[in-house]
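Model the full structure from these sequences, guided by the hints.
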Amino acid sequence: MTPQDQSIAFMRVVRSGRFTLREIAERAGLSVDQAREVLFRGVQKKLLIVNDADRQNIVIEIRKREAET
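Under this note's numbering, residues 1 to 69 are what the sequence shown spells out, in order.
If you are wondering where the hints come from, they were derived from the structure by calculation, not from laboratory data. Note that the structure is predicted; figures quoted are calculated from it, not measured. Cβ atoms here follow ideal geometry from the backbone N, Cα and C, with glycine treated the same way. Any given hint could be a false lead.
Okay, the calculated beta carbon distance ranges per label pair [stated by the list, open to error]:
no.: 1; residue 1: Ser16; residue 2: Asp52; range: 14 to 22 Å
no.: 2; residue 1: Ala53; residue 2: Thr2; range: 27 to 35 Å
no.: 3; residue 1: Phe40; residue 2: Lys64; range: 31 to 39 Å
no.: 4; residue 1: Thr20; residue 2: Lys45; range: 17 to 25 Å
no.: 5; residue 1: Ile62; residue 2: Glu26; range: 29 to 37 Å
no.: 6; residue 1: Glu23; residue 2: Ala53; range: 16 to 24 Å
no.: 7; residue 1: Ile8; residue 2: Lys64; range: 12 to 20 Å
no.: 8; residue 1: Arg22; residue 2: Ala53; range: 28 to 36 Å
no.: 9; residue 1: Gln44; residue 2: Asp5; range: 16 to 24 Å
no.: 10; residue 1: Gln4; residue 2: Ala53; range: 24 to 32 Å
Here it is in structure tokens:
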């Protein structure tokens, strides 16, 4: 699976609900290391947000794109 395919599978799972990184990896058909890499790339490119406000449950969210003018 190419990095692009991994990202697409990861994003589809993230959009479908709230899951742990391990659950996302399982549902996307990735290893936990691959899912961690996709998460890292997404955060670097500011496409994903990691919300850990309550310090117990980490939620991965897709950043909404602003309308282009």
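Do the hints match the structure? See the list:
1. Ser16 / Asp52: 14 to 22 Å: holds (20 Å)
2. Ala53 / Thr2: 27 to 35 Å: holds (34 Å)
3. Phe40 / Lys64: 31 to 39 Å: Violated: the Cβ-Cβ distance is about 20 Å, outside 31 to 39 Å.
4. Thr20 / Lys45: 17 to 25 Å: holds (22 Å)
5. Ile62 / Glu26: 29 to 37 Å: Given about 19 Å between the Cβ atoms, the range is violated.
6. Glu23 / Ala53: 16 to 24 Å: Holds: the Cβ-Cβ distance is about 20 Å, inside 16 to 24 Å.
7. Ile8 / Lys64: 12 to 20 Å: This hint holds: roughly 18 Å between Cβ atoms.
8. Arg22 / Ala53: 28 to 36 Å: violated (21 Å)
9. Gln44 / Asp5: 16 to 24 Å: holds (19 Å)
10. Gln4 / Ala53: 24 to 32 Å: At roughly 31 Å between Cβ atoms, alanine 53 and glutamine 4 fall inside 24 to 32 Å, so the hint holds.
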